[in-house]
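Top line first, the protein sequences correspond to chains W and P. Numbered continuously in our numbering, the first sequence closes out at residue 90. Numbered continuously in our numbering, the second sequence closes out at residue 201.
Treat the hints with care, since some could be wrong.
Now the stretches of chain W that chain P is said to cover, found in silico as 3 or more residues with beta-carbon under 8 Å [unchecked claim]:
{"hint": "1", "segment": "35-44"}
{"hint": "2", "segment": "47-59"}
Here are the computed lysine to any residue pairs in the SDA-like style, where the Cα-Cα straight-line distance is at most 20 Å [stated by the list, open to error]:
{"hint": "3", "chain 1": "P", "residue 1": "K22", "chain 2": "W", "residue 2": "Y45"}
{"hint": "4", "chain 1": "P", "residue 1": "K22", "chain 2": "W", "residue 2": "G42"}
{"hint": "5", "chain 1": "P", "residue 1": "K107", "chain 2": "P", "residue 2": "L91"}
{"hint": "6", "chain 1": "P", "residue 1": "K107", "chain 2": "W", "residue 2": "G42"}
{"hint": "7", "chain 1": "P", "residue 1": "K22", "chain 2": "W", "residue 2": "T39"}
{"hint": "8", "chain 1": "P", "residue 1": "K20", "chain 2": "P", "residue 2": "S110"}
{"hint": "9", "chain 1": "P", "residue 1": "K20", "chain 2": "P", "residue 2": "E109"}
{"hint": "10", "chain 1": "P", "residue 1": "K107", "chain 2": "W", "residue 2": "Y45"}
{"hint": "11", "chain 1": "P", "residue 1": "K107", "chain 2": "P", "residue 2": "H170"}
{"hint": "12", "chain 1": "P", "residue 1": "K22", "chain 2": "P", "residue 2": "P10"}
{"hint": "13", "chain 1": "P", "residue 1": "K20", "chain 2": "W", "residue 2": "G42"}
{"hint": "14", "chain 1": "P", "residue 1": "K22", "chain 2": "P", "residue 2": "L34"}
{"hint": "15", "chain 1": "P", "residue 1": "K107", "chain 2": "W", "residue 2": "T39"}
{"hint": "16", "chain 1": "P", "residue 1": "K107", "chain 2": "W", "residue 2": "R65"}
{"hint": "17", "chain 1": "P", "residue 1": "K20", "chain 2": "P", "residue 2": "R147"}
{"hint": "18", "chain 1": "P", "residue 1": "K107", "chain 2": "P", "residue 2": "A16"}
{"hint": "19", "chain 1": "P", "residue 1": "K107", "chain 2": "P", "residue 2": "P10"}
{"hint": "20", "chain 1": "P", "residue 1": "K20", "chain 2": "P", "residue 2": "Q96"}
Derived CB-CB ranges, DEER-like [stated by the list, open to error]:
{"hint": "21", "chain 1": "W", "residue 1": "S79", "chain 2": "P", "residue 2": "F160", "range": "53 to 59 Å"}
{"hint": "22", "chain 1": "P", "residue 1": "D184", "chain 2": "W", "residue 2": "S79", "range": "32 to 38 Å"}
{"hint": "23", "chain 1": "P", "residue 1": "R9", "chain 2": "W", "residue 2": "G31", "range": "49 to 55 Å"}
Everything labelled a hint here was simulated from the structure, so no lab data went into it. For each residue, glycine too, the CB sits at the ideal point set by N, CA and C.
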Amino acid sequence: MPGGARSAGGAQGKNEGHVHNRIPMLRAERGVSRRDLATALGVHYQTIGYLERGEYSPSLHLALRIAAYFEVPVEVIFSLEPFPRIGSTS
Amino acid sequence: MTHEERPTRPTRRTKAQAKKEKRQQVLERETERLMSGRYSRQRPRRVLAVVGLSFLGLLWVDAAVSWILAPSNTAMITNFVVLGILLVIGLPLAGQLVAVTRGMTFKDESELDEWELTGRSRAFTTAHRCTTIMMILVLLVTTAVDRDGEASQIPGAALFLILFALLITHFLLPLVVATWQIPDPPAEEDEFMDADTVDAR
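Put together the whole structure using the sequences plus the hints.
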């Protein structure tokens with residue numbers, strides 16, 4: 001996962017480099033505020049907001065730490081493909 | 001009294017650290033206030049960045065005036081007026097720019113998270129390109145004009161002001177660029193979103 005949300009090759013497509021995530025869902029499910037999560041990860045709470053909005057793709061280190069915080073495998077939280085909507089058959 | 005029981009006196013280092021933490025808390029509060037209010041949208045932030053850039057431009061105007069008019073009273077008065085404006089309005093403006101950018105261009109790397117480091121890196125890259133172009137322009141212009149050696153046409157005061165403007169631009173342009181580039185802060189309404197709130201949606 002690149003450190004920035006910007007794709008190095010701009011001509012390679014709009015979604016190139018974009019990483020989808022389920023942080024808001026997990027956070028809501030566990031009742032964790034952005035500030036709590038940010039404090040646990042040692043980042044600014046707005047950084048969590050930018051991650052959730054998909055404006056920033058975390059480094060591998062941060063992604064693994066987020067996964068460790070929620071005690072789930074990293075692929076449960078992050079994906080290169082959009083996550084299926086809850087209730088959808090796919 | 002044993003060594004362990006002795007009360008520890010605050011050293012100069014711990015005092016400095018406490019002072020630094022206090023400064024950061026103030027900055028954090030100011031950032032929260034500005035980013036949740038006036039500068040929560042891109043347009044006002046960009047206006048602020050343009051105003052900051054104009055103030056940097058004022059330094060170059062001052063240098064140009066000195067170049068054309070120095071040595072003269074007009075040049076000296078212009079110089080003092082510009083420096084006065086920069087001190088009275090420019091310093092609080094710089095404070096606002098620092099608050100809006102969370103001080104990302106001034107803090108130590110260790111104090112920034114990876115999103116802030118990425119933002120800072122982008123701002124420094126853009127600002128570095130701009131200052132490189134400016135330095136090339138300054139070099140070309142001064143070389144083109146200053147051909148006569150000791151009978152130079154560039155007044156010493158103007159040369160000093162050009163270097164001063166270059167230094168301040170080099171120092172503050174990343175701050176202006178960071179203000180221009182920083183995205184909107186995440187919405188406050190889902191700041192403390194809990195499971196009940198989401199279930200209700």
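Okay, the hints, checked on the actual structure:
1. 35-44: holds (count 4)
2. 47-59: holds (count 11)
3. K22(P) / Y45(W): 19 Å, holds
4. K22(P) / G42(W): 18 Å, holds
5. K107(P) / L91(P): 18 Å, holds
6. K107(P) / G42(W): 16 Å, holds
7. K22(P) / T39(W): 18 Å, holds
8. K20(P) / S110(P): 14 Å, holds
9. K20(P) / E109(P): 15 Å, holds
10. K107(P) / Y45(W): It holds: about 17 Å lies between the C-alpha atoms, which stays within 20 Å.
11. K107(P) / H170(P): Given that 20 Å is the threshold and the Cα spacing comes to 16 Å, the pair holds.
12. K22(P) / P10(P): Holds. K22(P) to P10(P) sits at ~16 Å (cutoff 20 Å).
13. K20(P) / G42(W): 18 Å, holds
14. K22(P) / L34(P): 18 Å, holds
15. K107(P) / T39(W): 19 Å, holds
16. K107(P) / R65(W): 24 Å, violated
17. K20(P) / R147(P): 49 Å, violated
18. K107(P) / A16(P): At roughly 15 Å apart (the allowed maximum being 20 Å), A16(P) and K107(P) satisfy the hint.
19. K107(P) / P10(P): Status violated; Cα separation ~24 Å.
20. K20(P) / Q96(P): Holds. K20(P) to Q96(P) sits at ~18 Å (cutoff 20 Å).
21. S79(W) / F160(P): 53 to 59 Å: 58 Å, holds
22. D184(P) / S79(W): 32 to 38 Å: 25 Å, violated
23. R9(P) / G31(W): 49 to 55 Å: 44 Å, violated
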